[in-house]
Every structure is written in structure tokens, then in C-alpha cells.
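With the hints as your guide, set chain R onto chain E.
As a plain string of letters, each chain reads:
Protein chains: 2
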Amino acid sequence: MTTTLDFPLFAARAEGYRPSPVRDFWAVSMQPGVISLAGGNPDLSVLPLGELGDVAARLVATRGLDALQYGAGKGTDGARAAVVRVMDAEGIAVDPDSIQITAGSQMALELVVKLLCDPGDVVLAEGPSYVGAIGVFAGLEASVVHVPMDDGGLRPDALEATIAQVRSEGRRIKALYTIPNFHNPTGITLAADRRPEIVRICADAGIAIIEDNPYGLLAFDGVTLPSLHDLDPENVFYLGSFSKIVAPGLRVGWAAVPRSARRRLQLAAEATTICASVLSQMIIEEYVTRHDWLGVLDRARALYLARSQAVQDALVAHAPAGTQWSVPRGGFFTWLTLPEGASASHVLDAAIENRVVFVPGTAFFADGQGQGNLRVAFSLENEATLAEGVARLGAAIATA
Amino acid sequence: MTTTLDFPLFAARAEGYRPSPVRDFWAVSMQPGVISLAGGNPDLSVLPLGELGDVAARLVATRGLDALQYGAGKGTDGARAAVVRVMDAEGIAVDPDSIQITAGSQMALELVVKLLCDPGDVVLAEGPSYVGAIGVFAGLEASVVHVPMDDGGLRPDALEATIAQVRSEGRRIKALYTIPNFHNPTGITLAADRRPEIVRICADAGIAIIEDNPYGLLAFDGVTLPSLHDLDPENVFYLGSFSKIVAPGLRVGWAAVPRSARRRLQLAAEATTICASVLSQMIIEEYVTRHDWLGVLDRARALYLARSQAVQDALVAHAPAGTQWSVPRGGFFTWLTLPEGASASHVLDAAIENRVVFVPGTAFFADGQGQGNLRVAFSLENEATLAEGVARLGAAIATA
Numbered sequence: 295m296t297t298t299l300d301f302p303l304f305a306a307r308a309e310g311y312r313p314s315p316v317r318d319f320w321a322v323s324m325q326p327g328v329i330s331l332a333g334g335n336p337d338l339s340v341l342p343l344g345e346l347g348d349v350a351a352r353l354v355a356t357r358g359l360d361a362l363q364y365g366a367g368k369g370t371d372g373a374r375a376a377v378v379r380v381m382d383a384e385g386i387a388v389d390p391d392s393i394q395i396t397a398g399s400q401m402a403l404e405l406v407v408k409l410l411c412d413p414g415d416v417v418l419a420e421g422p423s424y425v426g427a428i429g430v431f432a433g434l435e436a437s438v439v440h441v442p443m444d445d446g447g448l449r450p451d452a453l454e455a456t457i458a459q460v461r462s463e464g465r466r467i468k469a470l471y472t473i474p475n476f477h478n479p480t481g482i483t484l485a486a487d488r489r490p491e492i493v494r495i496c497a498d499a500g501i502a503i504i505e506d507n508p509y510g511l512l513a514f515d516g517v518t519l520p521s522l523h524d525l526d527p528e529n530v531f532y533l534g535s536f537s538k539i540v541a542p543g544l545r546v547g548w549a550a551v552p553r554s555a556r557r558r559l560q561l562a563a564e565a566t567t568i569c570a571s572v573l574s575q576m577i578i579e580e581y582v583t584r585h586d587w588l589g590v591l592d593r594a595r596a597l598y599l600a601r602s603q604a605v606q607d608a609l610v611a612h613a614p615a616g617t618q619w620s621v622p623r624g625g626f627f628t629w630l631t632l633p634e635g636a637s638a639s640h641v642l643d644a645a646i647e648n649r650v651v652f653v654p655g656t657a658f659f660a661d662g663q664g665q666g667n668l669r670v671a672f673s674l675e676n677e678a679t680l681a682e683g684v685a686r687l688g689a690a691i692a693t694a
Numbered sequence: 295m296t297t298t299l300d301f302p303l304f305a306a307r308a309e310g311y312r313p314s315p316v317r318d319f320w321a322v323s324m325q326p327g328v329i330s331l332a333g334g335n336p337d338l339s340v341l342p343l344g345e346l347g348d349v350a351a352r353l354v355a356t357r358g359l360d361a362l363q364y365g366a367g368k369g370t371d372g373a374r375a376a377v378v379r380v381m382d383a384e385g386i387a388v389d390p391d392s393i394q395i396t397a398g399s400q401m402a403l404e405l406v407v408k409l410l411c412d413p414g415d416v417v418l419a420e421g422p423s424y425v426g427a428i429g430v431f432a433g434l435e436a437s438v439v440h441v442p443m444d445d446g447g448l449r450p451d452a453l454e455a456t457i458a459q460v461r462s463e464g465r466r467i468k469a470l471y472t473i474p475n476f477h478n479p480t481g482i483t484l485a486a487d488r489r490p491e492i493v494r495i496c497a498d499a500g501i502a503i504i505e506d507n508p509y510g511l512l513a514f515d516g517v518t519l520p521s522l523h524d525l526d527p528e529n530v531f532y533l534g535s536f537s538k539i540v541a542p543g544l545r546v547g548w549a550a551v552p553r554s555a556r557r558r559l560q561l562a563a564e565a566t567t568i569c570a571s572v573l574s575q576m577i578i579e580e581y582v583t584r585h586d587w588l589g590v591l592d593r594a595r596a597l598y599l600a601r602s603q604a605v606q607d608a609l610v611a612h613a614p615a616g617t618q619w620s621v622p623r624g625g626f627f628t629w630l631t632l633p634e635g636a637s638a639s640h641v642l643d644a645a646i647e648n649r650v651v652f653v654p655g656t657a658f659f660a661d662g663q664g665q666g667n668l669r670v671a672f673s674l675e676n677e678a679t680l681a682e683g684v685a686r687l688g689a690a691i692a693t694a
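Which chain is which? The protein sequence lines are E and R, in order.
Residue numbering for the first sequence follows my numbering, beginning at 295 and increasing consecutively.
Residue numbering for the second sequence follows my numbering, beginning at 295 and increasing consecutively.
Derived from the structure by calculation, the hints contain no laboratory data.
Just so we're clear, the structure is a prediction, and the values are computed from it rather than from any experiment.
Short, incomplete list of chain R residues facing chain E, as computed with Cβ under 7 Å:
{"id": "1", "residue": "GLN400"}
{"id": "2", "residue": "ALA502"}
{"id": "3", "residue": "PRO542"}
{"id": "4", "residue": "ALA562"}
Cβ coordinates follow ideal geometry from the N, Cα and C atoms, glycine included.
One chain only, chain E, in its complex shape:
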């Protein structure tokens, strides 16, 4: 082991940029024969690659002087129209003027947190929560306080209690960060009747909501629930992504934000990347406007449903007694609760011996919780591989 000393002039926030445990398994998961239940990459095999290649070629050859030039800081009109179309497909009404295109949804989150949080400010988040969001909060020196979930998602009673508790400690809460649909890492969806309640609690408490919705169109049954954004557009910072419904390698996402936040958000976006890739924005515009993207999405949903089902079946067959897991209705993930007293880090050691990897639960908490949990991602492997991976995982749980 070598110790890496940091550059001596670093700011305090540099300390917050810490390695994510997801990264640590990358090397292991790349070894031949190892089954990865770790990464949450979408399966791109459903995409019409030939068509998309033709789109890219035509854009560069015939509109290259625009596609390869700097673009508008807010995003191209075409990309913003594509966002309206995609949100409409999920039943979400959005003011086109509210949309800020970013170089991926991660950047949208980073910008919103940059605008909202001074060092020490508190962000509430489901416990567990998206590991990449925890990284953003840490880097910008915001403190995460987790709010417990159950099978219906974030618990409104727990939200109210947490707000009261944090405030009684004299700490300032700026936002609730939440992934209402097919939550990462649990796969759980926020119950419809909780949505207006959570929106009301935050509005009453003077806390903004950051609604992160990358998976909303990935319901196995195609059913969508009301977005928090629609319930209170002037207090919700909505984050959207083309990564799970088109392609992450293009790096195009967006935020749809309250009127009073748009100007600063655009300026912050310009200060960060000037604009998102114009070529990427144009490819997405063309794909979402002139191609059967919803048909492709239907095939993707069917694929993910079959994979989720394979994981569920294998868990029933192979998980030792006392193991519990979530039953996702969409998205990429299932969340396991190990038998009483079992530790995911011990299970991981045994799993690596069995040539299977996953992300242990502690990665999804900012405060050390999650030692008895782990996440299984089913988005990228086929059903047979997933079944074998879960069998190996079950054996690892039994021996750990």
C-alpha cells in the first residue's frame, strides 16, 4: 500500500472527493469468469446502431458547422424540445423555458447542489441513496442526513421527524434529494399517495426538492406515477437523463427548475462546461423526433423485466433463510437485506472467491449504515448469467 499525499494547496472541499466503492469492483468485475452484479450500465443492445450511425454521419456532414461548433448555454432548442417529448411520454408537463441541458444528469445535480448548498448545509436523502449523489454532496461540503424508507419508499413521518431533529441541532436544511421511481439502489417506488404529502412537507418546511428521475420510463408495466415536479414546479428541481433511455455515452441530461433558479443555473452551467456536446444534443433530437425510440424502450423494458424476474427466481431458489429483498417494478436494481448479523463486506470476500461481485450497502449511505445490505444490478447481464451470479451470491451469503 502506498499513501498518496494530496497537493499541498488543496481547498477544504478536495477532501470530499473520495473513491466510490463502485469503482473498487471495476477491476475485479473485468476479470474473465467474474459475474458482475455491481454496475448499473444500461443494455445498449436494443439500440438501432446502424440508424444512429447514419444520423451522426448526416448531422456532421450536412450540419457540421453547427453540430461541431459551440452551442447555446441553455442547450439547443432541439434538445430541449426532445426533453419536453420525453417528459410528456412519462406524463409530466414541463415549461420548456425551465429546461437546462447539461453534460449528463450528474452535472445537473452538481449544478443544483452548487447553487443551493453552502458548506455545512444539510441535504436530506433516502437511506440508502445514489452513490454518485453522495459524492456530489461530499465534494461540495454539504452534509447528508438519511431518511428511512420502507416498501412504499421515503416515509413521510420519518421525513417530518428528521426535519425536526436536524433543525433542533441548529443545522440548516436546504433540500430533500429523492429518487421516487425505481430508486437506486433499492428498486423501490415512492407510493402515489405519499407524493403530495412529501411535496407539502417540504414546501411547508421551506426545503427544496431535488427529484432525480433517470428510471421513470423504465416501469416494467409501463405505468407512471405523478412526478413531484408536476405537484410543485416552483419548489422542485427535476433532474432527467437520456442515459437510461437513449445512451449514456452521449452525456446529455437536464434539469427543469423553478423560475427563480433558471438564470443562475444557466450561468453556472456555462461556467462549468460552456455547453453540452452539440453533436450529442442533435443526435438525441433526431432520435427522439424521427425514430421509434418508444418502441426501442418497450424492448428494453421487456429485457429488464425478464432479468429482474430471473434475479427474483434465483433469490427464491438460492438466498439463505433470513435474507430479504425488494421486488422492483422497474429500473435496474434489487436491494438485499442479509440475515441478522451478517455483514456485506464479509459476504463480498466470499463472493469474490465465488467469482461474483456486487456493491455492498455501505456505499449508499453517507454515515456507515448499510452493513447488512447489498445491491444487485440486473441491467447488463443476461438471465442465465444473472441466475448463476445470484446462485453464487447465495452460496457466499451462506458461507460468510
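Frame of chain E, contents of chain R only:
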């Protein structure tokens, strides 16, 4: 005029994201008949658009599962190899491990400042300096103190005096931000003999250097000078860009940084955008590896030289007595100093009446300097248009 109220929960730093004066002229400059000497976009007409389109199509069709997927946080190996090749063309040796790919060079700057500067920390910068950098410093609550330049660029004596002065005020200096080659906005190049001196002054003072070099390969005569990075790679954060030598719309840039900064830089980059567009990185890799990018660059340099010359000739013909201007040896810009007592904002009013626009000097200072200066960009208009634009500008100066 309407007043825009900010979202009530904004952090202190939100205040720092202020409109750039360059944006304000965008609307005016888009009106028919208006000649823009304002924007610094590269001229992409030299690019082999058909070839680039074919490259994009082939990458998507045959390697789409990689090109459209998430990529490595540090950048693709191919893009990093392309950076080595491009830096080598400028005579700069670089450790491939030091290279962090970003979604444009602006993002590389933002990340480096994020890592280096706590609120209130001082960044030294040439006076004038790049307006987009001033925006980054403001957003991250760093204070800019300008160091005077002359025809040889940043003055080492002024740098030493400024360091002493700032420190005597009890303020902490973290970095010198400098654009040594064909500086934006002045077009001036840092004299060769000043380079080791500036590197030494900063090293002795314990101040990092941020070397921003988007234009280094755009010398009209092809001559390159030693980079600050090569002189002190463990204290220089080098920022590079494909925007001026390939295409800005792909949004790929990079930083080459000291060993002790690489780990946090990668983590900060991942927290900000996960990765840069993989498709964009692959297009650049292909273009720089298998195409005559240096031949294209030669044509671009010839184009910019002719345009710069047209501006110089027109200034000789039309600038009122007492007007002074820089004579760039590369890049996109000439910097004007108006006759004693003249104000660039008054000149701009007259110029807009004459249907020509430019960016007034105050945009390039964080402290209100530059009222008697303005920037002329010659990168995007042809020679006849530039000559006419400068004639109109000369008339505006005469009447203002």
C-alpha cells in the same frame, strides 16, 4: 426592466454566477447586417466534414456498445493518447498518467479551481484575462487580483510585487492563472525568457500555476515556445482543449496535473459529469490518429493569419490617432487601447449604431479596469467583412 428574484434557498456562491458581457452582444450580433468582432468561435470550414461524418457513423455502427456507453472517469485511453500526440505537436512532453479528460477545457479549469480554492482565496491572473475564467473564479468565490502585462505578456516584476502586496493584506494566494500563448483577450504571447522566471517566482512563493493553452498550436508562423508545464510539471496545472484545433461542439478538453493532484481531480471529474462524451472522445482519437489533422491546422493557421492581417491593415487605415493595438502572432484576438479619455462603452453605443459589435475591455477584468480597452476577434469573419467591421469601429471611436 424586470428584476429577477433568486430562489430563496440559494447558497452564497450563486451570487457569483453573473451574466458575461460577451453574452449580451449575442442577440445584437445575430441581427442581419451586423458585423461581429465579439465572439471567439473557431472557423470550422477547414474541417473535413464528410470524413468526420464517416468516422462518427463507423464508430456508432461498429463500436456503438462502447461509444454510447459510460466510459472511464479519467477518459478513454484513446483520447488520452490523442492528447499526448497533440501536446507533442506543440513540443510539450507529458506523462500520460497526468492527463484527465474533461467535457471541454472550461470544465478542466472549473475542476482545478474547485480543488484549489476555498472561498476568499486569491487567484492571480493577467489583467485582462479570459472572461470565462473570471466567471469560474466568481462562482467558486475565489478573488481575482490582476497582474499587469506588457507586450511581452505577464510582467515578472509585477507578479512579485502583486504577491507581496496581496500577502501584506493577509490574503492567501492559491494560484496564478495564465494564458501564455496568444492570450485571450490581448493576443499577446509570454516572452520565452519570462517563462522560467515566472515558474520560479511561483514555485518560490508556494503558488500553483494554472496554464491555460487553448491556442498554442495556432501560431501564425508555427513557432511554439516552452510550456510552463514542461518547466515545472509538479506545480503546473496545464489545461488543453480540442475546441480550437478540432471542434468545440464535441466538448473534449483536458488537464495535465501534478502527481499529487490526479486522484482527487479524477474523483472531482466523476462527481461532476461521470465522464466526457465517449463518442466525442472516440471521434477525436480517430481524427488525430488517422487523419491529416496537422494539414487541416496549417490551413486554419493561414486563414487566421490572413484575417489578423486584414484587421491590422484596417486599423492602420481607420483607427483614429491615439488608438493603440496589439499585434498577435497567433490565436484569435487583437486588443485595442482607445485614445486617452475615450470609453469603450460609449464606443460600443456608437458601434452598434454603425452595425458592428465587440466586447468592451471591462468584461476581461474582475475589478472594473479596461474601460479604455476593447477586444477585436478575427477568427470567424472573412477578411472583407473584418475590414469593413474595423472601418465601422474606427468611425465609432472617432465619434464617441
